[in-house]
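Note that the protein sequences, when read in sequence, are chains U and G.
Read left to right, the first sequence gives residues 42 to 303 (my numbering).
Read left to right, the second sequence gives residues 10 to 274 (my numbering).
You can take every hint at face value.
Reference excerpt, derived from the structure (chain U facing chain G, CB under 7 Å, subset only):
no.	residue
1	72
2	75
3	79
4	86
5	90
6	91
7	94
8	95
9	219
10	222
11	223
12	226
13	233
14	237
Taking CB as the label site, the calculated pair distances span:
no.	chain 1	residue 1	chain 2	residue 2	range
15	G	62	U	137	56 to 62 Å
16	G	44	U	53	41 to 47 Å
17	G	41	U	56	36 to 42 Å
Distance condition first, Cα-Cα at most 25 Å in a straight line; then the derived DMTMM-like pairs of lysine to aspartate or glutamate:
no.	chain 1	residue 1	chain 2	residue 2
18	U	243	U	99
19	G	138	G	47
20	U	132	G	94
21	U	132	U	299
22	U	125	U	299
23	U	125	G	98
24	G	267	G	181
25	U	125	G	28
26	G	267	G	98
27	G	17	G	28
28	G	17	G	94
29	U	132	G	98
30	U	132	U	122
31	U	132	G	28
32	U	125	G	182
33	U	125	G	26
34	G	267	G	91
35	U	125	G	94
36	G	66	G	56
37	U	53	G	182
38	G	138	G	59
39	U	125	G	181
40	U	132	U	226
Treat the hints as calculated values from the structure; they're not laboratory data.
All C-beta atoms in this analysis are idealised placements derived from N, C-alpha and C, irrespective of residue type, glycine included.
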Amino acid sequence: MRYVLIYMALLKNALIRQLEFRLNFLGSTLCESVWISTQVLFFHSILRLAPTLGGWTEGQVWFFVSSYIFVDALYMFFIHENMKNFSGLIKNGLMDFHLLRPASALFLAFFRIPNTNAVFNFTMSLGLLTWTLTHFDLHMGPAHFGLWLFYILLGFTSLAALCIGITSLAFWTTQASSLTWFFFELYRLGSRPQDFYVLWLKRFILVGFPAAAFISVPVQLATGRLSGPLWLLYPLIVCALAVTMAAVIWRRGVRVYEGALS
Amino acid sequence: MSLTTLWKLMRNSFIRDMEFRINYFILIFATVITFFMELAVFAQIYEGREQVGDLPKTAALGFIILGSLIRSCTSLWQVIFEFVEQIRDGSFRTYLLQPIHFPSYFFAQVTGPKFLTWTLSILGVLALKMSPRFDALLAPAHLPYFLPALALSLMVNWQIYLTLVYAGFWTEEATFMLVAFNLGVGIFSGSILPLSWLPETLQRVLHYSPLPLLGDFPIKAGLGLLSGPEFSRYLVQAVVWMGALAFVNAALWRAGTKRFEAFGG
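Take these sequences, add in the hints, and give me the full structure.
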C-alpha cells in the first residue's frame, strides 16, 4: 500500500512535469500514434491477402495485435523511460540518492518516471481489443478473458523483470544504451506469434529469451489454441526465473556499485 | 567545398561513430532479427501461393533482404537529433562561422557513419548471391536500374531529413517529427511490405508523396520488378522531388538562419 501511495505521488509529479511542456506531450503522443498505426496497417494489409496466418484466424491475429499493444503500453508506461535513464544514474552517481532514500532503490530506479503518454497507447489497445471481441467470434467467455488478463499481466511481469535484469548489467558496464537497444530487439521477437517462426527461432523465444511468454502464449491460452498443464505452468516458470534473475543481478550490482558523487 | 574537405569530414564522422562499435553489432543483430520476423510473416502469406500482389514468391526473399538493408543504410537517428539539439541550445552557431556550407557538412556527417553499414551490406549481398535461392536479388541485369534508383533514393532521403532538421529553427519539438518519420517510413515507403499490399486509397495518397522513392523504387529496381515506363516515372518523380526539396530547403535555411539566435561564447 505504501508503494502504491508513493507511485501515485510519482505519477502526479510526472503528469504535472509533462503537461508543463504541452507541445512536447502532443509530440510524443503523435509518435505513439504513428507507431500504433504502422502496427495496425501492417496486419491489416497482410490479413487482406491471407485471412489465416500460420493457423491463426483473422480474429485471433487481431486479438494478438491488441494484446501486443496492451503489453507494450504497460512497458512504455512503467519501465521504458526509467530504463533509458538508468545508466545515467550509475554514471553520475545519482544512484547514491536512491540507495539512501527510505524506499526500495530498485523501485525508485525502475519505476520513478511513469510515461503518461503511454495512456494513449493503452486506450488504443483497449479500443482495438473491444473492436476485436465484438467483430470476431473468438469463443471467449469471462473465464477466458480472466485467464488472458492473468497471463498477460504475468507476461508483463516477466518482461519487466528481464528488462530490469539486463539493464542492471550497467552496474558493471556503466554504459547501458546498447544493452537497452539489444534488449528491445529481443523483445521485438515477441511481437509475432511463435507459430510464425521457423523451429529453431520458435525454440529460442520459448526457452532462450522467452519472448513468447509475454504475449503469444497468454493469447493462445485464452483462445484455446494451447492447453494442458505444461502450457499453463510455462508462463509461471518463466516469470519466477525472470524475477529471480533480476533480483540476483540487482543485488550483486548494488554490491559492486561504488558511487560517483564527491 | 573541395572533395578533400568533404572526405576529411566524412572520415572524421566515421571515426567518431566507431567509438561506439558495439552499436554496429547491435545494428547487425537488429537487421537479422527484422529479417527473421519478416521472413516468418512472408512464409505464412506465401503458403500455397506463387504470387501476392505484384510480388512473386521467387522475389519475396530478395524483397525482405533489400528492404532491411536499405532501411539500415538510410535511417538516421543520433546524428539528426544532435543537429536539432544544436539549434535548440545555440551551438549550431559554429556551422554559421565555419567556411563550409551547412548542407555539405550535413551530407558528410550523415554519410560518414554509414560507411561500415554499406560495406557490410554489400558483403552480405555478395555472400547471399552464392546461393541460387537469391538469384532474383540484384541480378547483374538489374544493377543499371538499381544503382541510379538507390542513389536518387538516398538523395531524396537526405533532403527530407534536412527539411526536418531545419524545422528545428521554428519548433523545439522537431525531434518528434524525426521520430514519427523514422517510425512510419518503413511501411509507408514500401520497404517493409510491398506498396501494392497496402489499401488502395493509401497507395494513391502515397504516390503523391516522395515516400515510395525511398523504398519501393530502389527495391523493385533491384529485383527487376519495374517495367520501363514505371522506372521512367519514378525517375522523373525523384528528380522533381529532389529539385522541390532542394528549393524548399534553401528557402528554409535562409529564413531559419535569419531568425536563429545564440548567445554566449
